[in-house]
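Number of protein chains: 2
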Amino acid sequence: MPGDALTQVFAALADPVRRDMVARLAVADATVNELAEPYAMTVQAVSKHVKVLQTAGLVSRSRDAQRRPVHLEAEVLDLMTTWIERYRLLAEERFRRLDDVLADLPDDVEPLPPA
Amino acid sequence: MPGDALTQVFAALADPVRRDMVARLAVADATVNELAEPYAMTVQAVSKHVKVLQTAGLVSRSRDAQRRPVHLEAEVLDLMTTWIERYRLLAEERFRRLDDVLADLPDDVEPLPPA
DNA sequence: GAGGTATTCAACCGATCGGTTGAATATATC
DNA sequence: GATATATTCAACCGATCGGTTGAATACCTC
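These protein sequence lines map, in sequence, to chains X and L.
Reminder that position 38 of the first sequence reads as 38 in the numbering used here, one-by-one numbering, no gaps.
One gets the numbering used here by counting positions in the second sequence from 1 and adding 1000 to each.
If you're looking for bench data, these hints aren't it; they were derived computationally from the structure.
Among the hints, a few may not be true.
[What the hints assert, rightly or not] Computed footprint of chain L on chain X, listed as stretches where at least three residues anywhere in the stretch have a Cβ under 8 Å from a Cβ of chain L:
| # | stretch |
| --- | --- |
| 1 | 4-16 |
| 2 | 71-83 |
[What the hints assert, rightly or not] Short, incomplete list of chain X residues facing chain L, as computed with Cβ under 7 Å:
| # | residue |
| --- | --- |
| 3 | 23 |
| 4 | 26 |
| 5 | 51 |
| 6 | 87 |
| 7 | 90 |
| 8 | 91 |
| 9 | 98 |
[Unchecked claim] If we take Cβ atoms under 10 Å as the criterion, some of the chain L residues that face chain X in the derived model are:
| # | residue |
| --- | --- |
| 10 | 1014 |
| 11 | 1019 |
| 12 | 1087 |
| 13 | 1092 |
Where a beta carbon is used, it is the ideal one built from N, C-alpha and C, also for glycine.
Between the sequences and the hints, there should be enough to build the whole structure, so can you do that?
The structure is reproduced here in structure tokens:
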């Protein structure tokens, strides 16, 4: 198994082209051809990028005649924010506790006398 | 230029080993040797992982004799949450607006009669 | 059914990635 | 100075990645 959900989502957004696609899809759904328009690359390459986003659960596809519009599924982003916030808060908590320890030091163990 | 800040941070966290390191570093600083202990890989490989995290700005190093403890710099995580939240909120806003449009539909255009 | 449009599949290619081994560097200890 | 510990550097290797070209599929229109 190469990738759990979190790995796939982070990896999907580790590419500036795919992040740009997500940004544009946040405004409106788009087809592969529409998505491809601003980039200097083939539609096949864009199709691959979309597939990466889809496998990560970040977008879904529907059908409209020949077109297969891409739709942003924003819920998956919560996966990441949850993970990130957990460790950011932990680190901040730890930092806060260090402050407390320093504040509680008795006066005669000043770690560094003023130069 | 291969990578802007955002790309490097996302890429750094797109690896389960590095995410585990971040999780452990959120609890306490650690040396490369300490970090390497639980993994079935050489310390050189771990050293490389640490360098990736450092280049992304996620950790900093200090010196303590031969040891070079790794310290988590949690502020960079805000970069990601800011980016993510921006587009999650945009997508949700768009979804909410769609709901409004449906709610404002006149009664005689019921999209789907009850089965 | 012929032709156009939208999309994907398949094979290929160079670059990067995650790992290895082996040698080098830095610091402390005897 | 010799030895042990902690870390990094350098070269290599197979796998994955981001892109290409070319052919295939699916759907609409005439």
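Status of each hint after checking the structure:
Coverage of a stretch by a chain is defined here by at least three residues with a beta carbon nearer than 8 Å to that chain's beta carbons; for the stretch 4-16 of chain X and chain L the count is 9, and the condition holds. Residue count for the stretch 71-83 of chain X with a Cβ under 8 Å from a Cβ of chain L: 7. That meets the three needed, and the coverage hint holds. A hinted interface residue such as residue 23 of chain X counts as satisfied when its beta carbon comes closer than 7 Å to some beta carbon of chain L; here the least separation is about 6 Å, so the hint holds. Hint status for residue 26 of chain X relative to chain L: holds, with the closest Cβ pair at about 4 Å, below 7 Å.
Taken as an interface hint, residue 51 of chain X does not check out: its beta carbon lies about 17 Å from the nearest beta carbon of chain L, beyond 7 Å. Of the supplied interface hints, the one on residue 87 of chain X holds, with its beta-carbon coming within about 4 Å of a beta-carbon of chain L, less than 7 Å. At its closest, the beta carbon of residue 90 of chain X sits 4 Å from a beta carbon of chain L; the interface hint therefore holds under the 7 Å criterion. Because the smallest distance between the Cβ of residue 91 of chain X and any Cβ of chain L comes to about 4 Å, under 7 Å, the interface hint for this residue holds.
Against a cut-off of 7 Å between C-beta atoms, the interface hint on residue 98 of chain X is violated, since the closest Cβ of chain L lies about 11 Å away. For residue 1014 of chain L, the interface hint holds, since its Cβ comes within 10 Å of a Cβ in chain X; the closest pair sits about 4 Å apart. For residue 1019 of chain L, the interface hint holds, the least distance from its beta-carbon to any beta-carbon of chain X being 7 Å, beneath 10 Å. For residue 1087 of chain L, the shortest C-beta to C-beta distance to chain X is roughly 4 Å, which falls under 10 Å, so the interface hint holds.
For residue 1092 of chain L, the suggested interface contact is upheld, since its CB lies about 6 Å from the closest CB of chain X, less than 10 Å.
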